[in-house]
Amino acid sequence: MSDADEKKDVEAFRELVEAEESKALAEFRAGHFRERLEDRISSAAGSSPRPSLFQVIPRPVWVSLAILIVLGATAIILWRSRAPAREDRAAVEALLRQLPGLHAVENQVRVVSDLRPLPMSPLEKGIASIFSNPNASSGVTPLPGQNQGFSAINLKKVPMDLQKLYNILIMDRSVEHVLTAVSQKTKEG
Amino acid sequence: MMDMPQSTISEKKNSGGIMVFERLLIHQETIFRICLGYSRNYVEAEDLAQEVYLKAYQSLPGLRDSSSAKDWLIRIAKNACLDRQKKLRTQGFWLRRWAREINVDPPAAAEASIEARIEELKRAVRRLPKKLRTIFLLREYGHLSYEELAAALDLNKGTVMSRLSRARRRVTAALQEKSNERC
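Residue numbers (this note's numbering), protein chains in the order written: chain A, 4 to 192; chain B, 5 to 187.
Hints listed in this document are in silico derivations from the structure and should not be mistaken for laboratory results.
Any given hint might turn out to be false.
[Claimed, not checked] Here are the simulated lysine-lysine pairs, PhoX-like style, with alpha carbons at most 25 Å apart: (1) A:K11 / B:K135; (2) B:K135 / B:K91; (3) B:K135 / B:K182; (4) A:K11 / B:K126; (5) B:K134 / A:K11; (6) B:K135 / B:K74; (7) B:K90 / B:K135; (8) A:K10 / B:K74; (9) B:K161 / B:K135; (10) A:K26 / B:K161; (11) A:K11 / B:K59; (12) B:K90 / B:K126; (13) B:K161 / A:K10; (14) B:K59 / B:K135; (15) B:K90 / A:K10; (16) B:K126 / B:K182; (17) B:K134 / A:K10; (18) B:K161 / B:K74; (19) B:K91 / B:K59; (20) B:K126 / A:K10; (21) B:K134 / B:K91; (22) B:K90 / B:K59; (23) B:K134 / B:K161; (24) B:K134 / B:K182; (25) A:K11 / B:K182; (26) B:K74 / B:K134; (27) B:K91 / B:K126; (28) B:K134 / B:K90; (29) A:K10 / B:K135; (30) B:K59 / B:K182; (31) A:K167 / A:K188; (32) B:K161 / B:K182.
[Claimed, not checked] Heads up, incomplete: computed chain B residues facing chain A, CB under 7 Å, no partners named: (33) F36; (34) R44; (35) V47; (36) L58; (37) Y61; (38) S63; (39) L64; (40) L67.
Beta carbons are placed, not taken as given, at the ideal position from N, Cα and C, and that holds for glycine.
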């Protein structure tokens, strides 16, 4: 850009700036700027502005609060994203329980634990009471419920814990392995 | 709380105890002119100039080098003016929105009076990017030399000159455009 162009540019607005400035400066000079400034400084000094909450609380507190909010939000987001996983777990557990192998193991265990003695004949009851309570023969009456024996066992059909079932299966497999190994050694011997 | 002026504001000193507030008042016209460049009218400019001096009065104890008092004062003025413009821009947004809602007609096409052209100039300056606007106003209204501009804005002289040239070109182009619209 040449100097002539630059000069032309400046001329375009210099006239306007000078016009505005001369008028404003005339008012400014007659306006007692200094006195009004003194008044303003005095009034500003007299009234101490009430500090806002942001000024009162130190910055580290705000930073800590911000960090807490961010952590809280992250925790909520993580917790919410894990909720479907729990539902998935329930679905997988239900599916596993439907498997015939697992079902069989559970039933086997339950059959053993649900064993309940058959109703006894009067003779059997008599023998059982003699063995369980030797004092009966000496005329002492048995305490109520004592002659019931095993019949008190009554387990409810609560679904077995998957972990327990897993342990049983593993134990079964281990026993099977040991037995196979022993039988093979016996055959070799 | 701020220091109370005891008898007169001229007693206020900086940390070295040398600078008297009175000396800062020597530059009041320069500061006023800069404020005038940033504001829309005389009243606003005077109010801004007072605000600049009030801020300077409050922070005077922090001024260590009294030889750079003018640059320091100009920096305060520049920041105060930019703050005020930012505030006004937000208010202006809501005012314009309100005016649209109640169907207030915009001012009729300005005749080519000097006031209207000054208004056009101000609008063109307000549209400049902040860096160019600051240089333009400090130079054209504040009458600062290139060296003073460089010192006040922490720039080198070459940058000052190139920015000033760009600012002038843009302002001229905007004014030219307005002038063509009128014709």
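Verification of the supplied hints:
1. At roughly 23 Å between alpha-carbon atoms, K11 of chain A and K135 of chain B fall within 25 Å of each other, so this suggested pair holds.
2. The hinted pair formed by K135 of chain B and K91 of chain B meets the criterion: a straight-line CA distance of about 18 Å does not exceed 25 Å.
3. In summary, the hint linking K135 of chain B to K182 of chain B is supported, as the alpha carbons are separated by about 23 Å, within the 25 Å threshold.
4. For the hint linking K11 of chain A to K126 of chain B, the alpha-carbon distance of about 19 Å falls within 25 Å, and the restraint holds.
5. For the hint linking K134 of chain B to K11 of chain A, the alpha-carbon distance of about 24 Å falls within 25 Å, and the restraint holds.
6. Restraint check: the Cα-Cα separation between K135 of chain B and K74 of chain B comes to about 20 Å, which is no more than 25 Å; the hinted pair holds.
7. Between K90 of chain B and K135 of chain B the CA atoms are separated by roughly 14 Å; this keeps the pair inside 25 Å, and the hint holds.
8. For the suggested pair K10 of chain A and K74 of chain B, the alpha carbons sit about 28 Å apart, so the restraint of at most 25 Å is broken.
9. With a CA separation close to 14 Å, the supplied pair K161 of chain B and K135 of chain B stays within the 25 Å bound.
10. The suggested pairing of K26 of chain A with K161 of chain B is violated, with an alpha-carbon distance near 31 Å, which exceeds 25 Å.
11. For the given pair, K11 of chain A sits about 38 Å from K59 of chain B by alpha-carbon distance, which is inconsistent with the 25 Å threshold.
12. Distance check on the hinted pair: K90 of chain B and K126 of chain B sit about 15 Å apart at the alpha-carbon level, within 25 Å; holds.
13. With a CA separation close to 19 Å, the supplied pair K161 of chain B and K10 of chain A stays within the 25 Å bound.
14. A hinted pair counts as satisfied when its Cα atoms are at most 25 Å apart, and K59 of chain B with K135 of chain B qualifies at roughly 23 Å.
15. Distance check on the hinted pair: K90 of chain B and K10 of chain A sit about 32 Å apart at the alpha-carbon level, beyond 25 Å; violated.
16. Taking the CA atoms of K126 of chain B and K182 of chain B, the gap is about 12 Å. The hint holds against a cut of 25 Å.
17. At most 25 Å may separate the alpha-carbon atoms for a hinted pair to count; K134 of chain B and K10 of chain A meet this at roughly 23 Å.
18. Taken as a hint, the K161 of chain B and K74 of chain B pair is honoured in the structure, with Cα atoms around 18 Å apart against an allowance of 25 Å.
19. This hinted pair checks out: K91 of chain B and K59 of chain B have alpha carbons roughly 17 Å apart, not beyond 25 Å.
20. In summary, the hint linking K126 of chain B to K10 of chain A is supported, as the alpha carbons are separated by about 20 Å, within the 25 Å threshold.
21. Distance check on the hinted pair: K134 of chain B and K91 of chain B sit about 15 Å apart at the alpha-carbon level, within 25 Å; holds.
22. Simply put, K90 of chain B and K59 of chain B have alpha-carbon atoms about 18 Å apart, close enough for the 25 Å limit, and the pair holds.
23. Restraint check: the Cα-Cα separation between K134 of chain B and K161 of chain B comes to about 18 Å, which is no more than 25 Å; the hinted pair holds.
24. Only pairs whose Cα atoms come within 25 Å are accepted, and K134 of chain B paired with K182 of chain B is accepted, the gap being roughly 22 Å.
25. Between K11 of chain A and K182 of chain B the CA atoms are separated by roughly 17 Å; this keeps the pair inside 25 Å, and the hint holds.
26. Distance hint between K74 of chain B and K134 of chain B is fulfilled; the C-alpha atoms sit about 21 Å from each other, no more than 25 Å.
27. In summary, the hint linking K91 of chain B to K126 of chain B is supported, as the alpha carbons are separated by about 17 Å, within the 25 Å threshold.
28. Restraint check for K134 of chain B and K90 of chain B: satisfied, since their Cα atoms lie roughly 11 Å apart, inside the 25 Å limit.
29. Distance restraint check for K10 of chain A and K135 of chain B: the Cα-Cα separation of roughly 22 Å lies within the 25 Å cut-off, and the hinted pair is therefore satisfied.
30. For the suggested pair K59 of chain B and K182 of chain B, the alpha carbons sit about 38 Å apart, so the restraint of at most 25 Å is broken.
31. At most 25 Å may separate the alpha-carbon atoms for a hinted pair to count; K167 of chain A and K188 of chain A exceed this at roughly 32 Å.
32. Annotation: proposed proximity of K161 of chain B to K182 of chain B is violated, straight-line Cα distance about 32 Å (limit 25 Å).
33. A least Cβ separation of about 5 Å between F36 of chain B and chain A falls short of the 7 Å threshold, and the interface hint therefore holds.
34. Checking R44 of chain B against chain A by beta carbon gives a least distance of about 11 Å; that is not within 7 Å, so the hint is violated.
35. Interface hint at V47 of chain B: violated, since its Cβ lies 9 Å from the closest Cβ of chain A, which is beyond the 7 Å cut-off.
36. A cut of 7 Å between beta carbons decides the hint on L58 of chain B: the least distance to chain A is about 6 Å, and the hint holds.
37. Here the hint on Y61 of chain B is kept, as its CB sits about 6 Å from the closest CB of chain A, short of 7 Å.
38. The criterion of a C-beta within 7 Å of any C-beta in chain A is not met by S63 of chain B, whose closest approach is roughly 13 Å, and the hint is violated.
39. Violation of the interface hint for L64 of chain B is found here, the shortest Cβ-Cβ separation to chain A being roughly 11 Å, above the 7 Å cut-off.
40. Look at L67 of chain B: its Cβ only gets to about 16 Å from chain A, farther than 7 Å, so that hint breaks.
Hints 8, 10, 11, 15, 30, 31, 32, 34, 35, 38, 39 and 40, counting from the list given before, are not met by this structure.
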